[in-house]
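Colleague: These are the residues of each chain, in order.
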Amino acid sequence: MPDDLFDPLVWLILLPILWAVLTFLPGPGRGAVVAIVSLCLQLGCAVRLTADIIAHGARTHLAGGWPAPLGIPLAADGLAAAMLVLTQAVGLAVALYARSYFRDGSSLWFWPLTGFLFAGMNGLFLSGDLFNLYVTLELVGLAAVGLVANGGKAEQAAAALRYLMASLIGSGAYLFGVALVYGACGTVALDHLAGMISAPVPPALWLAFALMAAGLLLKTALFPLHYWLPPAHGDAPAPVSALLSALVVKASFYLFLRLWLGPFACLVALAPMLAWLPALLGSAAVLYGSWMAIRAERLKMLIAYSTVAQLGYLFLIFPVFGGGALALQAGLLHATAHGTAKAAMFIAAGTLIRVGENDSVRGMAGVANQLPVTLFAFALAGVSLMGLPPSGGFLAKWLLIDAALSSGQLWIAVVAITGGLLASVYIFRVLHLAFRVPDGREELRPRPVPAAMEWTALLLATASVGLGLFAMPLFALLERVGT
Amino acid sequence: MLTLLAGLLVSALFDLPPAQIRLPVFVADHLAESGVRHPVTAVLLNFRGYDTFLEVVVLLLALVGVLASGLPKDRSPFTGNVLLQALARHALPLMLLAAVYLLWAGAHQPGGAFQAAAVLAAAAVLFELSGIRTSKRPDPRWFRRITSAGVLLFFAVAAAMLGNGALLQYPPEQAGFFILLIESGLTLSLAVNLAAFFLLRSTEPGDAQATDNEP
Amino acid sequence: MSSGLLFAIVGCLLFVFGLGGVILLDHLLRRILAFNLMGSGTFLVLVGLAQRDGTPDPVPQAMVLTGIVVAVAATALALALARRLHTGASNPPPPANPTCRDDRHA
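Protein chains in written order, with my numbering: chain A, 1 to 483; chain B, 1001 to 1215; chain C, 2001 to 2106.
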């Protein structure tokens, strides 16, 4: 048992709050070093927690010392631990990048807002109480909106406001669902609810599930509720886009998955056709998102639409849960591979745009000479997104197709393969331009760029590809998924 | 379609069997150990104190978000209405008194830090609107320190309690003391935070300067 | 029908009104107000439904207190962004029904 004073589970939530405040106190534009040191500590906590769980099974921590249903339990099982490691790792890499990206104090309030963002995300992954989850959901949402708005430009404010309204509708619907659940069951503790909700299920709980699901799907930008994502992720500064696309959308997906597997598992068992709805919308997301990415004019819009498409994959796993553990493995691996790859892609794009002073896709012509490392990182991330072996993206799609075929859902396999092909179209669009030497212009030489900016992108992209080879520890964690 | 939703929801309400778990019983059973006499305060600051901690963090976060969005340059509204000024001169001391009472009363009646902070913030806004001028403009650094102080205090207590077994787990004999400590410490911080939502103005790009008064 | 259930029914109606408002309305300030209406409806359901058998329940009341604070924080951020859009953009979004009342405190 770990020493209570230094319980990694609790410090994963406390540390980000601390550095959010500490980076707020000195004023705008400060705080990079504090944040980076703290993220290292957080990554250590996440790894230690993971080791703990693999050795001893899922862990709980009762906030206030009161057991549920009176108090708020914090809980960490394999799935939560995996998300925590992903979040801290990607966060650390993006933070290192952001320190170089925001030179001379232009970061304004980026660091305190990011601290709050991590506090919210970690709090969300560790919470075992539906209402507490609402508070963490809002923490994440408001921090993300703040990050989009940070800087005060009018386009940012517009994108941020659209994002905020969508986020508030989502969490508002979720909260109403929680109100119904409390009224029906008398508690909002996840572990108690899983046992309490059984047939016959009162209509109020069906409605609660519908509202909570709708709210969370809106926050995860599932087609057709994705309208807020491209402007928010496309117009924000590169490190912010990386955090949003790689991590924030995964948080609401995690919560949806948690509800599906936990308290509302009985409802899912009673109505298996329910699983088709997210899967159908996911398929539409894959096709529509890829199509819009192919047609995108601006590089960051291309990447943002790619996120819409990739998020669709996550929802394809729901009809195939009958195929054993494969579905969960596919989902988690895809979330992790996409998280690392998308973060790599956005920060590589940030470097490319900053150096080229041009944010359109056509402006990427000839950039291979100027920024070879960054472009390699972009390409490597693209490999994972396309699903080429041996990357993490490939393994995730393979598992998904395997699960789909063994459950007899052939169409899901078809969608997965088609999505991969479409992804290759928009990835190669960029790469093809990048490697071309433009005629009539002199040979462009490599431009100096802070090493941190290039190598963090490469690190993340390599991680995404490497996941295909080293996925076993991730799957070991999944055997420890409790309800 | 919305009417359909409304209809479904309302009809679902009638079809509910009684809840299996009755939390009021749990609360009543443990109220004696909680350190306060009012059940809602006990839930808010002891049983579900972690939620309250996060909620204070959310308020500070919103403040940073407001700062990040860019502050307007114009002065906050000032009506110049003499009647309002006269009213304010009488009302403000009463509001301060009410806030202190609300804070103290929270232990055994509805009340507490948030309510007191709301009254204080309203007092600050009234002060500004009525145009009772002061030449003192608070330092942005102190503004940040005061608003952060609430979260830091709560954080310190929560972390210190880890030595006692769990996050925010008060020892039963001292629970009342810690709750009072947190509530008092939070009030000023929250009041400045809330008032700042309304009153903050910028003088230069990227620099935040508060025009609210400290009570 | 107990008073708790009555509160809950009204809460449902308010929530649906608010939701409709946020989705369907154009004017920013009205949408923000509609969001607050959604919140109020949710709080009514939270408290009313839990007390439908007549016994007061402190837990949802505490939850509502927390919820109100979170809603205030969100509203503050939304208003700050709306204010930024109104004063800063070269083409401010046209309100559905321009009224001077809304612009007085810009």
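Just so you know, the hints here were simulated from the structure itself, not pulled from any lab data.
Some hints could be false.
What the hints assert, rightly or not - Chain B side only, calculated, beta carbon under 10 Å to chain C, not exhaustive: (1) LEU1016; (2) LEU1045; (3) VAL1056; (4) LEU1059; (5) LEU1061; (6) GLY1065; (7) ALA1068; (8) ALA1105; (9) ALA1107; (10) PRO1110; (11) LEU1152; (12) LEU1153; (13) VAL1157; (14) LEU1181; (15) PHE1198.
Backbone N, C-alpha and C fix where the C-beta goes; we use that ideal spot for every residue, glycine too.
Colleague: Can you list which hints this structure breaks, lowest number first?
Modeller: Violated hints (numbers, rising): 8, 9, 11, 12, 13, 14; every other hint is consistent with the structure.
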